[in-house]
Amino acid sequence: MEIKANKIDGANAVIEATIPMDEVNANIEKIAKQLAKTANVQGFRKGKVPVAIVKKQYGEKLVQDAESEALREVLNKGLNDLGIENESLIGEPNITKFDKTEDKIDVEVKVAMRPEVNVKEAASMVPDFKKPEVTDKAVDARIDELAKQQAPLVDIKRNRKMREGDTAVIDFEGSIDGELFEGGTGKDFALQLGSGQFIPGFEDQLIGVKRDEEVVVKVTFPENYGAENLAGKEAEFKVTVKQVQEKEDVEINDEFAKKLLPGDEEATVEKLKEEVKKAIEQEELAKLYNEDLKPKLLETLVEKLDFDLPEFVVEQEIDMALNKKASTMSEDEIKELREDAQKLKELRETFREEAVKSVKATFIIDALAQDKGISIQEQEVMQTIYYEAMQMGQDPQKAFEQYKDAGYLPAIQMSMVEDRVLTTLLNEKAEA
1 MEIKANKIDG ANAVIEATIP MDEVNANIEK IAKQLAKTAN VQGFRKGKVP
51 VAIVKKQYGE KLVQDAESEA LREVLNKGLN DLGIENESLI GEPNITKFDK
101 TEDKIDVEVK VAMRPEVNVK EAASMVPDFK KPEVTDKAVD ARIDELAKQQ
151 APLVDIKRNR KMREGDTAVI DFEGSIDGEL FEGGTGKDFA LQLGSGQFIP
201 GFEDQLIGVK RDEEVVVKVT FPENYGAENL AGKEAEFKVT VKQVQEKEDV
251 EINDEFAKKL LPGDEEATVE KLKEEVKKAI EQEELAKLYN EDLKPKLLET
301 LVEKLDFDLP EFVVEQEIDM ALNKKASTMS EDEIKELRED AQKLKELRET
351 FREEAVKSVK ATFIIDALAQ DKGISIQEQE VMQTIYYEAM QMGQDPQKAF
401 EQYKDAGYLP AIQMSMVEDR VLTTLLNEKA EA
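Under my numbering, residues 1 to 432 are what the sequence shown spells out, in order.
These are calculated hints, taken from the structure and not from any lab test.
Note that this is a predicted model, so its numbers are computed, not measured.
Fair warning: there could be bad hints in the mix.
Below, computed lysine-lysine pairings styled on DSSO-like, alpha-carbon distance capped at 30 Å [unchecked claim]:
(1) K33 - K48
(2) K97 - K4
(3) K100 - K33
(4) K429 - K287
(5) K33 - K46
(6) K4 - K30
(7) K304 - K247
(8) K429 - K304
(9) K218 - K161
(10) K33 - K77
(11) K61 - K46
(12) K429 - K296
(13) K259 - K247
(14) K277 - K259
(15) K187 - K218
(16) K277 - K130
(17) K120 - K131
(18) K325 - K357
(19) K218 - K259
(20) K343 - K325
(21) K357 - K296
(22) K55 - K97
(23) K77 - K110
(24) K259 - K287
(25) K294 - K278
(26) K61 - K137
(27) K324 - K304
(28) K357 - K345
Derived Cβ-Cβ restraints for the label pairs, each shown as a range [as the list claims (entries may be wrong)]:
(29) E274 - D177: 55 to 61 Å
(30) D177 - R352: 55 to 61 Å
(31) T185 - K325: 45 to 51 Å
Each residue gets a CB set at the ideal place from its N, CA and C atoms; glycine is no exception.
Whenever a hint applies, use it, and build me the whole structure from the sequences.
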């Protein structure tokens with residue numbers, strides 16, 4: 001058997017070989033003898049089946065198995081000649097040539113390796129930046145906001161006109177063209193004006209109304225409203241204001257600080273300010289990271305770190321982009337591409353640059369994650385999905401199962417790894 005192995009670059013190799021049919025036939029003989037010991041053939045005792053009968057009954061399957069064994073030998077010897085370990089391979093070997101004649105088989109096998117990414121210089125590519133500065137005014141504003149959130153609702157003493165921020169306790173009855181509709185009535189409903197709980201325009205028309213007054217609120221349901229029978233329809237609501245409530249003023253003192261810092265019996269307003277300042281700093285830093293620094297850092301890493309990419313991974317990325325594009329095309333456009341190979345090739349090439357960047361970014365993040373000892377387990381992915389689902393008022397278990405069934409968990413996991421890797425690099429820069 002003649003074998004010629006060549007490393008194309010750091011991530012791709014090709015193995016060419018000529019397999020004599022004598023070797024394939026020898027493999028057939030060996031496999032047939034092994035099968036004869038275990039095969040169940042009517043008319044023969046187990047283990048006593050003649051090899052000739054086995055060849056006759058399993059002929060095509062024997063040939064396939066014999067050729068596969070010869071291909072495995074080609075692959076193993078080629079990888080050994082190149083010094084490539086099986087652990088470094090990515091994906092399945094790609095048989096790009098299999099020319100079979102009476103006396104030989106000419107084969108070509110392409111393999112891809114995980115590229116070696118030198119991330120030692122990554123830290124030097126992190127841009128300089130200043131941590132956000134939080135003013136005392138911002139801290140005081142946040143504490144005032146927290147105080148309002150903690151403040152209890154109390155009935156207004158003077159029957160004044162309602163303003164934004166007040167809570168109106170109302171009865172309402174909605175109708176379209178004089179007909180009441182399902183879900184359009186309510187009693188003793190507490191509605192904070194300006195909260196956006198009701199459809200646009202409803203809360204605005206209650207501003208200026210007093211307790212015990214009745215008004216007719218006219219609104220139009222949004223075109224994308226959840227109930228199709230109401231979407232885009234004009235409606236009238238008879239509203240009775242039964243009570244008006246406002247937030248009671250809360251004194252910001254050490255007792256208030258103890259409520260917001262549970263477990264700290266020594267809590268003071270000054271200590272609360274320190275904790276609030278830290279929280280705002282983290283929020284502002286996260287905003288700076290996510291909106292500005294992380295995208296720029298990843299772009300810089302992709303631009304400056306140079307290494308070879310496995311060809312088939314790039315081609316897969318191009319295929320995905322092409323399929324996504326095809327899903328937005330008309331049947332005529334798709335038909336035109338099927339009938340014009342050159343046009344399809346040209347369209348495919350338009351996705352190559354972005355595909356290369358995407359694949360490169362994936363290997364960079366993977367290498368950095370290994371270097372930093374960063375990993376995300378499925379349990380953490382589940383917790384993240386659960387938290388976001390609860391924030392949106394969804395069933396967390398159902399949301400997780402939907403992501404899992406759709407095959408999205410690996411992508412979510414990769415996204416979380418990327419986020420943590422870039423955050424780590426930025427944090428190291430901030431602390432340097």
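TODO: Sort out which numbered hints this structure fails and list those numbers smallest first.
DONE: Of the numbered hints, 7, 19, 26 do not hold.
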